[in-house]
Structure formats: C-alpha cells, structure tokens
Amino acid sequence: MMHRNPARDERTMINRALALWGVFDALKDAAFVIREDGKSRQACLVTPELEAAVAGLEPLYCGLAVGDLAKHFSPTMEGADLFARLSGGGKYYVAVGENAEKLVLYGRDVMGDSVTNAASDIGENELVIITNRAGEAIGVGRTRFAGKLMTQKGKITVTTLKDAGRYLREEDGERQAKMSRSPRRRRS
Amino acid sequence: MALLFPQSPRADALARKYGYDPWLVSRFLQYVPDVERFLEKMEKKPTQYIRVNTIKTDAPILERRLEEKGFALSPTALPEVFAVEKAPMSAGATTEYMLGHYYLQDLSSCMAVEALDVKEGQKVLDMAAAPGGKTTLIAQRMGNTGCIIALEPSEKRARSMSFNLARLGVFNTCVCRMDGLDAERLGRFDRVLLDAPCSCEGVIAKDPTRKTSHAPEDVDYCSSRQEKMLEVALRVAKPGGIVVYSTCSFAPEENEAVVESVAQRLGAAVEPFGHGEQGLDSFGDRKFKTGKNTRRFYPHLHDTTGFFVARLRA
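Those protein sequences? They're chains L and E, same order as listed.
The first sequence: position 63 = 62 (numbering that gives the first Met the number 0), numbered continuously.
The second sequence: position 180 = 179 (numbering that gives the first Met the number 0), numbered continuously.
Bound-form chain E, shown alone (with noise of 0.2 Å):
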C-alpha cells in the first residue's frame, strides 16, 4: 500500500502554491530532498537533450553542423547526449533530425542503457519498449550487431516505434507485440532492459496534470505489477546477465520497495552505478538494504526528468 502521510501547515501550503494533490507534497516532503526548489522546478520547461546517433554520424560533425544553424549545445556526462542551450528552431525540425542524426531524449532516460553496459553481439530484451529512445541507444551502443526483441503491446505505438528505429537505421531490433509478463517464452538474454510503466511522477514538469490526476491506489497498482515484470526480468537474464528496472516514478514503492522485494526473492545482486543520487534505504518504516546501490535522478539537481535506476545481476 502506498504510505500516507499526515498533512502538515506546511504540505497544505505547498500544495496550495504549485497546484498539487497534498497527499502527493505530504510524500515528497519524506524522500526528495530540498522540495521547495524541486518544486520550483518543476514549474519550469525541462532542459531540452539530444542524443547523437552514433549509427550515422559522430558527435563532433553533428555538433558543428547544428552549430552552424545556430544552435548551442552543452556537453553533459555522457559523451553522446548533449543539452541544448540556445535553438533557432524546434530541435525535431531540422534536417539533420529528419535524416535520424539524433533523437530527442532525456539524459536521464539514457543513463538506463548507460546503465545495462550492452556489448556487441548479446541478445537483449527491452520489456516495455516504445517509443523506442531507449531501444535505439541500445542499438547504437551495440554497434546494430546482435540482437535486440522489443516488446510492445500496443500495436499503435508499436507502429510509432517503428519509425523511429528506421529512421535511425537500426537493423538488428524486433518489434513484438507482447506484453512484457509473457516474455519468458522467448528464452534467455544476455541483458534486460524494464523501463517500467509507472506512475510518472517524475516528467509532471512536461505533463503537469500529473500533479492531482493521479491517486495512492495508482501508486499501488503500479508497482504490483512493476514487481511482477521485474521477476520475469530476472527469469530471463542469463546466469550473470545485467537487468535494469527503470521508471520515471519518485514514488519508493515503485522503486526501491519493488528491488528489494525482488532482487531479495530471486537472490539477485544489485550493484553500484556511477551516476545520480543514492537510493533511499528506508521509507517510513520499511528499510532497504539494496537501496543505496540504487539511483535516482531529480529535475533540481540534476537538471533532467525524475527518474530512478537501479542495475541487478542475475
């Protein structure tokens, strides 16, 4: 059940200010730190991020062209994703776009596949797979060698997907119009990717009627099923293979609760990862041993969407 808060002057007076459900302030007031500014942030346009495709082109000719159209670009910690400083135009509508030279997405949204370590030649799962941003990072990162099955149940969006993987020139991808809990009859893999479907509290700066259209019992439905793609996860990892459970929730039920349930289960590793803030180890009074090798990304601290990651070994 998701944990409730009692509402304090001070949640009532937040929720009021930035136009939120208070049971939702009353819990970020418990796990995201310095919620004034966060809040503040989240009021403004998140920072725009293209990510080059390397299948194409190379960062530094594609830098120089969209410099030359009067672009600014600013490098961020990884080395194909840049953020947009300064754009003359909509970023999706320049040629270099139009030809797949890059894609438009979150550098937090990267660090999943920064975070799935992918090498050439492995079979990869992506459980939940459109629009495919993360799919084609996959792809690029493995040099479009191996094999990568993408799930999808929608056909729609699988459709809309499939663009996007041709317009980036991946050829080593799939597209399966499956749900992500019936993945285990299609064998094992070398990676997993679980992009979970969430409650997505962490992109209401680009949907903010996320901040009262969304209710505890979805936070709960969310993450009874995010446990249950997460075992079929771990089931189809190699011996030794890496899944990442990703969402773009703040909520620990969705994150740190549904790891350690599972990765305590099935007697997986979690393992450290490089970049955002530590994961929460405790939550009112549930305590998370894996939680500190676990990953959150905040929009004030991070400039990106929130989003959590967190890296097991199967």
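So that you can see chain L by itself, here it is in the shape it has in the complex (with noise of 0.2 Å):
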C-alpha cells in the first residue's frame, strides 16, 4: 500500500469531482493523498498536518477516502456522505423515503415509488448519490432512467452500487461476510 501526492491529471479529475458533487468551493483548497495498491487508486483526503506527517511514513490508512479514481471519479460512501454533508444536494442527489431507506441500507436497489426528490434533468445511467430525507447519504448508485421517469411506479429506477450498511455487514464478520456476497438482489 503506498500513498502519495496526487499527479496534476489526478487533481484535475478530483477537483472535477468535487464541482459536480457541489463541494468545490468547500473543498477546493483542502489535501488529498492518492492511496495506491498496483490495482486500484483512491483520492484521500487529509488535513495539511496529516499529509506532511505522512510524508516518509507507510500507513495502512491514511486520512479519508473519498473516491476511487478509474476512468472516472466515482465516490466511495464515506465520501457521498461529506459530500452530501457539505453539499446540502443538487442535481446528482436522490433523495428515497423512509422505508426504502432500510431496504437501500440493505443494499437493495431503489423503486421509483420511493423516489421522493430527484432532479428533472438527471440524466440516465448517471452516477447519484442517495440520500434520506435528512438529506444524509445513504448509497452510492446509477440512474435507469433520466429525469421525470425516475419517480414512475413498478420499476427500479435507481441501480444502488454501494450503501451505508455494507461497512456493517463487512465488519461484522463471516456470517455478513456471507450475506454481502449474496447476488441475491430485491427491490425496495
């Protein structure tokens, strides 16, 4: 594991992130490290204090991993949650009532019965994050349909790819090990 200063093109792409999020300007100044394993990256990040300390050490873990960096930024869920935090929504926010908030926290996909707030100009196969009605983000997914269709009945219309639950299931050893692996996937 190793971590580092982003390269210029990495920057670019997370302050490119942090625009379509809605957290550029809170985040605009702040240190990110990329943490790097040979088969994936992450943008973290850090206080100033923490990326000059780390400089020469090798940490497990290092500040907050916001996003994995492919092709593209996509965040990670403790990153949707800062974002949503500091955010407070927008285009690429969904908002789901209470009872699909347990089933999204399941990880379970989003019906557009549960839908209660999404942007009239989202578009399809967009990546979004969820949120409850609090506003606090609950998931990470990717739209099935763009704007007004997002809400019909009957039909999935939020694809969830990453929920706040899994860092539950995940921790709480094999036997949520075991569920997170199931393929079984239903509707909320």
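I should point out that these hints are in silico values taken from the structure, not numbers from a laboratory.
Computed from a prediction, not measured in an experiment: that's the story for all the values here.
Please note: incorrect hints may appear among the correct ones.
Only pairs whose alpha carbons sit at most 25 Å apart, straight line, appear in this in silico DSS-like list of lysine-lysine [claimed, not checked]:
1) L/K101 to E/K44
2) E/K205 to E/K237
3) E/K237 to E/K44
4) E/K43 to L/K101
5) E/K68 to L/K38
6) E/K205 to E/K43
7) E/K237 to E/K118
8) L/K147 to L/K101
9) E/K85 to E/K68
Simulated DEER-style distance windows between Cβ atoms [stated by the list, open to error]:
10) E/G120 to L/H71: 32 to 38 Å
11) L/G89 to E/G120: 40 to 46 Å
12) E/E67 to L/G55: 44 to 50 Å
13) E/K118 to L/K147: 18 to 24 Å
Where a beta carbon is used, it is the ideal one built from N, C-alpha and C, also for glycine.
If you follow the hints, you should be able to join the two separate chains into one complex; please do so.
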C-alpha cells in the first residue's frame, strides 16, 4: 500500500468530481493523497498536518478515502457522506423515503415509487448519491432512467452500487460477509 | 512480581461463589473498595453507552432521533456521552449507527481522551489504537484538524479500525502497522495516548472467562511491557506535552506502580484529573507518591467497566 501526492491529472479529476457533487468551493483548498495498491487508486482527504506527517511513513490507511479513481471518479460511501453534508444536495442527489432508506441500507435497489426528490434534468446511467429525507447519504447508485421517469411507479429507477450498511455487514465477520457476497438483489 | 496474598476463608468463599481464581479475589480484597458489591456488579450486564460523533451531528439532534425510535438515554459526566437506559433494538443496528452518528463506547474509555485535553491543530500519537474508539473521539475533539498517528501492529485489527474511522468521517488520522515500542522514530507529539495492552481485569463483566483465564505471570508480563511503552510515550512527547496512560485493569502493578516508576525515572509530573476515584497510594509494602493524582473507575461505583487513567506532563 502506498500513499503519495496526486499527479496533476489526478488532481484535475478530483476537482471535476468536487464540482460535480457541489462541493468544489468547500474542498477546493483541501489536501488529498492518493492511496495505491497496484490494482486500484483512491483519493483520500487529509488535513495539511497529516499530509506533512505522512511523508516518510508507510501507513496502511491515511485520511478519508472519498473516491475511487479509474477512468472516472466514483465516490466511496464515506465520500458520498461528506459530499452530502457539505453540499446540501444538487443535481446528482436522489432522495428516497423512510421505507426505502431501510432497504437501501441492506443494499437493495430503489423503486421509482420511493424517490421523493430527483432533478428533472438528471440523465440515464448517471452516478448519483442516494440520500434519505434528511439529506444524509445512504448509498451510491446509478440511474436507470432520466428526468421525470425517475419517479415512475413499479420500476427500479436507481441501481444501488454502495450503501452505508455494507460496512457493518463486512465488519461483523463471516456471517455478514457471506450476506454481502450474496448476489440476491431485491426491490425496495 | 505480582503481589500475592495468603488465602483467607473469606476470599475462598467469594471465589467459590462468583467463580474466580482465589488468588485474584485475595488481591481484590486489598485494593477494590466494597468487594462483595463489586463482584455482584461484575455478574450483571454492563451499562451500554453511546458517544455522539460530533463530526457528523450534535448531541441534542441525535438524542431526539433515537428517542423517536424508542430509545431512552440519560446524560453522563461527559456532554457527548449518553447511557442507554432502554433500547427497542440493538444500538448497533440503527440507521444513525450505520451513518456514523455515534459510536458504542464505555464512558470510562472516553475519560482517557478527556484527560488528554487535545486542542485543534495538534499532533497526537495513539500508541495502541485499535479498534479506534479513543482515536475517533480524539479526532472529533480536535474538530478533524491537526493529525493523529495511530499505531496498531495487527493488520487485521488495523483494517477493522479503518472501518470505524471511515464510518465516523475522520480525515485527520493515519493508521500505521507498528508496535508502540518503535514510536521514537516518529518524532515528537503534543499529546500521546497510551491505552496499554493489559490483563483486562476491568472487563470481566463483558468477558467472564477472565475470572480464571489469567495468572499472576500475565500481570508481570503486562506490567513489564507497559513500563517500556510508557517510557517511549514520555520520550516522544514534546516538552510540556501531555501523556495519558490508561488500562482496563485493576492490578496496581499495571497501574500506579508503572506510573510511579516511569514518572520518577524520567522526571515527569503526574497531574490531577477531575473524574473517578483517587488511585492507590500504597499496595503491600510499596508506596506511590504519585498515586493520589491517578484515577480509578470501578463498575460498582461509577457504572463503567473497570479502568485506570493517569495524566503525565512531559
């Protein structure tokens, strides 16, 4: 595991993502390090003091991993949480009701009936942060429909890719790890 | 060497009644006040506490949300910690828990961080950090500023800790796979927390196997290692910096004796701290000049797990 400063193109990718999720002003001066293990890269938010202290160390974990860097920036669950708290919502945020919240936290997809708020100009196949009614991030998903079709009844309109309950399932050991490996996916 | 006392009919009777090794009860009779009430309390499920994660929410907001779900919470000596009086579901299964709005943490454990008195922007070392309860409390008390270097020799425990740091939104901390004894190469720190590996006598209520699973030799092993670790902690603290030493053991050899020995050797002051019971000023024929400034937490007196805290000024 290696932590290093972001290359110029990586910083550009991070900045574009911050703008997309509505947190550029809040985080434009923030420090990031890149966590790299040969197969994957993550952008980790750090404090300036931590950025300085970590030079010369070989930490296993450093700061808060807010996004996976591949061809595009994909927010991690903790990144989604931070962005939702700092932005207060925006085009790429989809809010769901109370019942759907519980189901998303079990990794289930979002039915159009459950969507309480989605931008009218949201496109199909967009990466979105799924929030509860309080605006707190509960998942990261991908839209299956655009605009007004996001709230259509009887259809899954957002595929849940990550959810805030996953950490608990993974942390709790073998039994819950087994659950998280299950390919079964139900509708919410 | 762990001090052993002649077995007495009272110690034998209590050991039989509560299922302890007699040597342990003979020792408890020397340093635990009101032993029978203590042993009775250790048979009961400990009170559960939640610590509000102020990085993500505020105490009144979380209190209201949990009460709406049927929880009953009561305040404690620390503003961000609540005792769970009634729980309609597991406190580790709520949406608020999953979203990192709180952490399940004993009040006594939070006291170590209270004693550390961290400030924003400081550089802090947590020498034995996993699973990260105290580390994340330090982070929130610092307002997610400055930096915390957290040490954990086990990769598995470090990974588990990383989940907690992530869930609670901490971004001023890094976790290094390192033994606390090797910390001198990390430079100097404003604050150092050493929550030392110990014989865990204080958590018998959570893990009753501890009644019979450890021996006097374990206390000796722990205290020897604890002395070395506390020496390192004081060496890496900046002049005037604070080192907090804590254990979840009642054994004086792991607590007052360690603090007395290292503080005298390195010329550190042991400062008073405003919670808990005063530490021991003697044990057997050993006298502890610094004992009165250390603090003990007892399950039957403070409704916490057993804990020891000492604040030293480098």
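Hint consistency between L/K147 and L/K101 [alpha-carbon to alpha-carbon, up to 25 Å]:
Given that 25 Å is the threshold and the Cα spacing comes to 24 Å, the pair holds.
Measure nothing beyond the straight line between the CA atoms of L/K101 and E/K44; if it is 25 Å or shorter, mark the hint as holding.
Violated. L/K101 to E/K44 sits at ~29 Å, over the 25 Å cutoff.
Check the hint pairing E/K205 with E/K43 against an upper bound of 25 Å on the C-alpha distance.
holds, 9 Å
Hint consistency between E/K237 and E/K44 [alpha-carbon to alpha-carbon, up to 25 Å]:
violated, 41 Å
Is the gap between the beta carbons of L/G89 and E/G120 within 40 to 46 Å?
violated, 31 Å
Taking only the CA atoms, is the gap from E/K68 to L/K38 under or equal to 25 Å?
At roughly 43 Å apart (the allowed maximum being 25 Å), L/K38 and E/K68 break the hint.
A range of 44 to 50 Å was offered for this pair. Does it hold for the Cβ distance of E/E67 and L/G55?
Hint holds: Cβ distance 49 Å, inside 44 to 50 Å.
Would you say the C-beta atoms of E/K118 and L/K147 sit inside 18 to 24 Å of each other?
violated, 52 Å
Sort out whether E/K237 lies within 25 Å of E/K205, counting only the CA atoms.
violated, 37 Å
E/K237 and E/K118 were given as a pair; does the straight-line alpha-carbon distance stay at or below 25 Å?
Holds, at about 15 Å.
Does the alpha-carbon distance linking E/K43 and L/K101 stay inside the 25 Å limit?
violated, 33 Å
Given hint E/K68 paired with E/K85 - CA-CA distance at most 25 Å
holds, 11 Å
Hints 1, 2, 3, 4, 5, 11, 13 from the earlier list are contradicted by this structure; the remaining hints agree with it.
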